[in-house]
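Number of protein chains: 2
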Amino acid sequence: MDAQHGRPCSIAATLGIVGDRWALLAVREVMFGNHRFSEIARNTSAPRDRLAARLKALVAADILERREYQSSPPRHDYHLTEAGRELAPVLSALRAWGDKWAVEEPPVRVEHHGHPIRQQVVCATCGEPVREEGIQRISTVPDWDLTGPVVRG
Amino acid sequence: MDAQHGRPCSIAATLGIVGDRWALLAVREVMFGNHRFSEIARNTSAPRDRLAARLKALVAADILERREYQSSPPRHDYHLTEAGRELAPVLSALRAWGDKWAVEEPPVRVEHHGHPIRQQVVCATCGEPVREEGIQRISTVPDWDLTGPVVRG
Chain W
137 MDAQHGRPCS IAATLGIVGD RWALLAVREV MFGNHRFSEI ARNTSAPRDR LAARLKALVA
197 ADILERREYQ SSPPRHDYHL TEAGRELAPV LSALRAWGDK WAVEEPPVRV EHHGHPIRQQ
257 VVCATCGEPV REEGIQRIST VPDWDLTGPV VRG
Chain X
137 MDAQHGRPCS IAATLGIVGD RWALLAVREV MFGNHRFSEI ARNTSAPRDR LAARLKALVA
197 ADILERREYQ SSPPRHDYHL TEAGRELAPV LSALRAWGDK WAVEEPPVRV EHHGHPIRQQ
257 VVCATCGEPV REEGIQRIST VPDWDLTGPV VRG
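Order-wise, the sequence lines are chains W and X. So the first sequence is numbered by the numbering used here: it starts at 137 and just counts up by one. So the second sequence is numbered by the numbering used here: it starts at 137 and just counts up by one.
Just so you know, the hints here were simulated from the structure itself, not pulled from any lab data. Treat the hints with caution; some may be incorrect.
Note that identical chains are pooled: a pair holds if it fits in a single copy or bridges any two copies.
Stated by the list, open to error - Here are the simulated lysine to aspartate or glutamate pairs, DMTMM-like style, with alpha carbons at most 20 Å apart:
id, residue 1, residue 2
1, K236, D185
2, K236, D198
3, K236, E222
4, K236, E264
5, K236, E201
6, K192, E240
7, K236, E218
8, K192, E175
9, K236, D213
10, K192, D235
11, K192, E204
Only chain W is shown next, with the shape it has when bound in the complex:
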């Protein structure tokens, strides 16, 4: 989305779509099972006009879909698409960081098959936990090395 500006990057591209706190909090509410505008507005405290704009953009980006749940008068609610459901790891990572660094007590306890979850990112190819030391990032875009001065065209 903003790949034209700054480093071409999937993180930047994702943030170009959901890089607004109201967008991600709206996705959180739908993931929790709160599908209606009024529920999403109350639980996020998003200003209604900004929330309406974000929901429209999330539908346009195919992250949410709008479904009619009542026909007269017509009423719509919001559901996650596959792309929307796949934002779950983003929200989990934000939650894990916040539980440790941004709140006194975790306000939501997450259980996994009945035990407290301890999330860990592993590499499915080798089964090992992913740590920064084991990672190498390689730019596939000419003129955009990852480190140091960048000279463009």
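Here the structure of chain W is known, so what remains is to put chain X in place on it, guided by the hints.
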């Protein structure tokens, strides 16, 4: 941070600190090894005044630290704190989503000990992959159930 408004939530608290695309892209650059303001500005394309404000906030939030690397004239650069380094899974999750849903070709290839990484979130308690079906979330805050209408005191 905005736990006073809307649902008390670690995701919201995290987004209250880093919920701005320039903040997360600045963290990305420092993680890549680009520590100086001019490098961060160029590689993110952030407007310089907004970037300066974000870096200041990230230092205040103890995600970045500012270090003098030259004394006359004094020059400073930015380094990740422990809290900053622990944002790596957030950036990884944003990258993985973007690689699949937001770009044509991944502009950065990530390798893990020499093989292409395939990130997977597992529960370290039981070793099983984390899937939405196996997750239960329990609010620990009175009056804030996760689903449905919320009636507040």
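Outcome of the hint check:
no.: 1; hint: K236 x D185; verdict: neither (32 Å within a copy, 30 Å between copies)
no.: 2; hint: K236 x D198; verdict: between (32 Å within a copy, 13 Å between copies)
no.: 3; hint: K236 x E222; verdict: between (23 Å within a copy, 10 Å between copies)
no.: 4; hint: K236 x E264; verdict: neither (23 Å within a copy, 22 Å between copies)
no.: 5; hint: K236 x E201; verdict: between (33 Å within a copy, 19 Å between copies)
no.: 6; hint: K192 x E240; verdict: neither (34 Å within a copy, 23 Å between copies)
no.: 7; hint: K236 x E218; verdict: between (29 Å within a copy, 11 Å between copies)
no.: 8; hint: K192 x E175; verdict: within (16 Å within a copy, 35 Å between copies)
no.: 9; hint: K236 x D213; verdict: neither (33 Å within a copy, 26 Å between copies)
no.: 10; hint: K192 x D235; verdict: neither (30 Å within a copy, 23 Å between copies)
no.: 11; hint: K192 x E204; verdict: within (15 Å within a copy, 46 Å between copies)
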